[in-house]
Amino acid sequence: MMIAVAMTGLDQNMMQKNLSCRTLSEAKLNIYSFSMIQAVVNAAFVLLGGLFYAYINMKGMTLPTDAATGRVLTDSLFPSIALDDIGGLAAIAFIVGLTAAAFSSADGVLTTLTTSFYIDILGRDTAEMSTGQSRLKNRIHIGMAVALLLTILLFRCLITAR
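Just so it is clear: in the sequence shown, position 102 is 102 by the working numbering, and no numbers are missing.
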């Protein structure tokens, strides 16, 4: 259980993969195989991060820094290389990748919020929701999308106000 929580946090979409297994052995196999894949992916990202720093040193580039604090902006490292140094194709791939990741995440969040509100708060039946004919479900989905947008805009205002 602790491995599953450590790997997925309390993300319902990720946790549902483990809960949907039919037997305990299937769930264990799912957790073990997913943890191996996660280890490989994390190692690849650490390696790529190191390669970015090696690339910057090789090219004699300066690290992106915050003008006010002088702190290195590590989150700006890849965008600065992709957009300024490597060229147009890398910039397009970077923007498409960021957009795909953001929409995938937002889609999952929006679906989870809609389902949770419909079933847990309103106490509606899941069979009614799966028919796709519920006007209430559609209104809730639009309301959650607006609430999510307002939350994002609020955080942006708070961050830019600093």
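To be clear, the hints were calculated from the coordinates, so they are not data collected in a lab.
Do not take every clue at face value.
[To be verified] Simulated restraints, written as ranges between beta carbons of each label pair:
| hint | residue 1 | residue 2 | range |
| --- | --- | --- | --- |
| 1 | Arg135 | Val40 | 41 to 47 Å |
| 2 | Met61 | Ala39 | 40 to 46 Å |
| 3 | Val40 | Leu149 | 33 to 39 Å |
| 4 | Tyr55 | Thr23 | 45 to 51 Å |
Think of the CB as a built atom: it goes at the ideal place given N, C-alpha and C, for glycine as much as any other residue.
Hint by hint, here is what the structure shows:
For the pair Arg135 and Val40, the supplied restraint of 41 to 47 Å holds, since their beta-carbon distance comes to about 46 Å. A hinted range of 40 to 46 Å is violated for the C-beta pair Met61 and Ala39, which are about 31 Å apart. In this structure, Val40 and Leu149 meet the distance hint of 33 to 39 Å, their C-beta atoms being roughly 36 Å apart. In this structure the hint that Tyr55 and Thr23 lie 45 to 51 Å apart at CB holds, the actual value being about 47 Å.
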